Every structure is written in C-alpha cells, then in structure tokens.
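A.B. asks: Generate coordinates for the entire structure from the input sequences, incorporating the hints supplied.
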Amino acid sequence: MGNFCKSTVVSLVVVSLVFLSFFTISSLCFAAEDISREIAMLKEEIKGTQAKLDKAKPGQTLEAITLPVSVKNMQKILVSLNQKAGDVKNLAVPINNLNIGLKALEKATHNNDKPGARKALNDMTAALKALEAEVAKGDREKTIQKSSVPSKVSSKMEGFLKEIEKAKSLEELRVVLKNMNFSKEELDQLKAEIKNPPYSVKLKNLEDQALSSARVKMDVETQKIIEQKQKEYKKRQDNELNLLNQQARTKLQIRRTSAQDKVRAERALPPPDPPTTMVATRPVVKDPAKITSLIPQPLVIGAAFDQLHIIGENFGRSGRVTLSIGTKNTTLDTIAWHPDSIAVKMYSHLKEFFREEALNAMRDGEIIGRLWVHAAKNIATSEVRIHTSGWNLTLTPQITSISSEEIRPGQEITIEGKFFLAMARDSSVTFTFGSRNINGNIHYWEDSVIHVQLPSNVSGLNFTRGALKVKNFQGFQADTPINFRPEKEQLTLRDPISHGDGGLGAFYDYGWSGTFTLRDFELINDWKVFEYWLNVYEGNCSYRDRPRTGTPYPRTVVEGSYGWNDCLRCLNFITIEGPRGTNYR
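My numbering numbers the first residue of the sequence shown as 1 and each following residue consecutively.
Quick caveat, the hints were computed from the structure, so don't treat them as lab data. In this text the structure is predicted, and so the values were computed from the model without any measurement. Ideal Cβ placement from N, Cα and C applies to all residues, glycine included. Be aware that one or more of the hints could be misleading.
[Said to hold, decoys possible] Pairwise CB distance ranges, derived in the manner of DEER restraints:
id, residue 1, residue 2, range
1, Lys119, Thr515, 46 to 54 Å
2, Glu63, Ser435, 55 to 63 Å
3, Lys119, Ser169, 35 to 43 Å
4, Asn245, Val216, 39 to 47 Å
5, Asn245, Glu63, 54 to 62 Å
6, Thr464, Asn392, 36 to 44 Å
[Stated by the list, open to error] Quick list of in silico lysine to any residue cross-link-like pairs, SDA-like style, CA-CA up to 20 Å:
id, residue 1, residue 2
7, Lys103, Lys166
8, Lys234, Trp512
9, Lys191, Lys234
C.D. replies: Here's what the structure looks like:
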C-alpha cells in the first residue's frame, strides 16, 4: 500500500509538472506571438519614417513630411506592447529603450532636428532588434520569465493604478495619492508595481513634463530678477559717473572763465608807459594814432621775409616802432611807413635778445609782448603774440593739479598747469597702469588746462596705482600720479538644489533631509560677495551657513528637507561684484 501511494503520488506530481510546464510554455508562446505582431508593426512604422526622412527636400520641415503622425502611431504600438509584455522581466530593458528612443524622436520632431530624428530612429531599430532576439530564443522557459509570484493587488491599489494611466499631470496624481491614505505596507507594494511598465513609463513622462514646466517657470522668474537687478546696478553706476564728469566739467568751466576774466582785465588796463624816457606828460591830442590790427598773428620771428604789418590810423609820415617783452625792449627796423600802415622787419637776433624774458611772458603757448608806435602826435600800443618756433625754449609741461586722483573707465578729468602749449598732432595725454598705456580722449586743450576722458571700454584691470602723462607738441612731457579705479560688474551665480525625482520616487519616498555645500572657494581679483537669496519651489530650504557680503568668501551651506509624496526644488543665488573683464576664480 505504501509503495502504491508513493508511486501514485510520484505519478501525480509528474503529470502535474508536465501540465504546468505545458501551460506555462503555451501561455508564454502566445505572449511571444502576440508581441511579435507588435514588433512587426513597429518595424514597419520605423522603416516608413526613415523613408520619409530620406525623401525630405532641403528646407522641408519634419512636420511637413508628417513625422508627427508617425510618432503618434508608434506611441499607440508601444502602449500596446507595454501592456502585453510589461511584466516580462527580460523584455523590460529593450522595451524601455524603445520608449526612450520614441521620446527622443518626439523631441527631435518638435525641434525640427533631422539629425536628432535619425539618431532616435537608429536607437529604436537597435532596441527592436534586441527585443526580437529575446523573443526568438529557443528556450521559452528561460527566455521569457514572468514573476514567480503573481502580483495580487487590492481594489484600492487597482484604482490608483488606473488613475496613473488616466493622469494628465504629476500634480493631479499627487492629489489622488494623498486622498488614498495608503499604509506603509501598501506603499511598499505600490513601489513594486509602479517600477515596471507601463506605469514606470507613464510616471517618467509625467515627471519630465513637470520638471520641464518647473524649469521654464524658474528660468523665467530668475532671468526677470537678474535683469532687473542689473538694470538698477547699471543705473547707479551711470549716475555716479555722470556726477564725477559733471564735477570735472564744472572745474574746467571755472578755470576757463577765470583765465578769460584775467585776460580781459589785463586788456582793459591802461597800457604801460612806453619804453622811452619822458621829459613831460604829453597833452591829449586830437585824432591820435591808433593800432587796429597786426598781421600776422601769431608772429614768427627769424625767417628771411618775416615782417610785421601794423594796421591803424593817424600814424603820420614817420616815426619809430619798438617791441618790448618782459623788462626788455628794442627798436625795430622800419621797412615802410604810411598814415594807415607800417611794415617792420623781425630779424632772428630778436630771439636771442628776448630769450631770457620769453619763458615768463608765455600765455597759452605763445610769447606775449607789446608793440609801440611812436607817431608824431602820440604813442599807440598793442599786444603782440609771438610763436615759439625756433626759439629753442625748453617748454616742459608742468602739472599743478588734476580734478581727481582716481579715474575709472568713461570718467573725465581736468588737468591744470602750464606749457601744455597749443593742441597739435603730437600732443597727447596717456594713462599708464602697470604694463598698459591708454591714450585719453581729449575734449579740450589749451596752454594751461586740458580736459580729458579715460576710454569707457577699459577693462581687465584691478585697482592699480599709475600715472598720467601730458606731452606737448615739442615732445616734452610731465607726469603725475593717478589711480585706476576699475569699472565694476556684477555676476549672479545660480545653484539648483534638488533631491528626489518628484515623479516615480515621490510615490514611495517617505521624506528626506540633508545639507548642500555650495561655492566652497575663495574669490580672486578683488571680487566680493554683494548679495544672496534663496528661492524655494518645492520642499523646505534654509541657510545653515550664509555667504559673507563684502568678502571674497561665497561658501554657502543650505539645509533641505521634504515630507512624504514630495521632493526638494530650490535655487540659491549669489551676486558677486568685481573688476570688469577679470576672472573671479
């Protein structure tokens, strides 16, 4: 009896195993055949799409060759494929690769990216071949393995899985999940279910959609904030520069007005006594001699035909002409004398005679003397301007003051002194900072005052002690110290802070907390922290260690956390300020 029972039991076990084996193989073969139909349809669709790309004319868009229609057809096939073979373990990888390839194709189609579309189709072809290889293997029991224990889900769980299939947004799904009140055990079971297609694919799509939307929103808000801050910063800089330039222009105007008033006052004074010994004061005469103009002005002394023509009235028929510079005077040789004009010769020896007096008689780069016409009735006089050419005077510029001891790009300054002489091609103002020589933009130049601007495009320099050099047309130069104050610029550094994927993981993540260390380095080239702030989009973010404004230390530590069914999305901003055109690290 025992042997019979044992034999019977063995027989039953063998029969059962054979039956189960037959059932399993049959069902899996059916699944494989069913999948093969999907594979064939997808293969044809990919082939047709590639043909569309090959036939596309230059400049023709992907929409024009109906690629979006092909994408929709493939989406339908893949949805069916996911439903029929989603729980087959060894098919999950190639199917997932097909989903990834289709998503890339969809993106390329949207962006009208033909090379991207070709690459996506090639990737899908490779994934399809891998799927065919798995399905075609001879040993069905090993090739297609279903989960050893069928998943048993509650009606509550089934309801939520259906909600996943219907959901149009991640936020919509989160609301549903919160209302489900799943236990920890149910969440663990949910975790196992949604890790596989088609749920994993759907959640990934929803996640990508949510992240893309969040990114766009964050970028728009961020750009708006940064642009507004840059606009305000530029306005402050422009106001500061305008104030500095206005101060320099005011100083120039005061200096010019003062010089003009001095000249006018000198010319309004009665002329000095003539360089002769007067026995008695001459009486006031009727129709006195008067000088109205001198030709040329300024006068060049020393050339072979250098003459001075004195134009006026009532000179009479004869007399003499004297020239005085400083404390010296001499009589000039008369070439012609008429009642209304006189011509005198200006010999080169006059330069030697007056050389010692010339430097003290300089004004606006010219030697200022006085001409005397000793006529029959009276002595007429006029100021005479003499060019320094050929005098061999060492007219080295002298800088007595500058309106600012610091200068920044675009700033104007007024330079005061003497012997700048007249503006000429060889006249220049140069700023020297380190190894760089920068020519100033000259706005005004006369013998005793210059108004110059440092070009606004100067960059790449830190604060530098330098020199300002003035060179007159004779080639002589003078310099004075001046410091370069760099134009500042601001950069806003952005650090995304995130944890949790906000999609798949959010449905079985029970919360998280941690820290993020950002910008752990020291700024260089005189860059410093200007300001900082934190924008929180999801979860909780706060500062543990803050950057130190006014220092080169931007190091930041942020604490982040979030609860169940949530994630962390924050943006940390640090605005730094430093010399324009230099590196901050």
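A.B. asks: Given the proposed pairing of Lys191 with Lys234, does the C-alpha separation stay at or below 20 Å?
C.D. replies: violated, 53 Å
A.B. asks: Between the alpha carbons of Lys103 and Lys166, is the straight-line distance 20 Å or under?
C.D. replies: With Cα atoms ~19 Å apart, Lys103 and Lys166 stay inside 20 Å; holds.
A.B. asks: Hint says 39 to 47 Å; check whether the CB-CB distance for Asn245 and Val216 agrees.
C.D. replies: holds, 43 Å
A.B. asks: Need the status of pair Lys234, Trp512: alpha-carbon distance at most 20 Å?
C.D. replies: Answer violated: Lys234 to Trp512 is near 42 Å, above 20 Å.
A.B. asks: Starting from the hint 46 to 54 Å, judge whether the C-beta atoms of Lys119 and Thr515 obey it.
C.D. replies: At roughly 40 Å between Cβ atoms, Thr515 and Lys119 fall outside 46 to 54 Å, so the hint is violated.
A.B. asks: When you take the CB atoms of Glu63 and Ser435, is the distance between them in 55 to 63 Å?
C.D. replies: holds, 58 Å
A.B. asks: Taking 35 to 43 Å as the stated bounds, is the beta-carbon spacing between Lys119 and Ser169 within them?
C.D. replies: violated, 29 Å
A.B. asks: CB of Asn245 to CB of Glu63, is that within 54 to 62 Å?
C.D. replies: holds, 56 Å
A.B. asks: Given the range 36 to 44 Å, decide if the beta-carbon distance of Thr464 to Asn392 lies inside it.
C.D. replies: holds, 38 Å
Of the numbered hints given earlier, the model fails hints 1, 3, 8, 9; all others are met.
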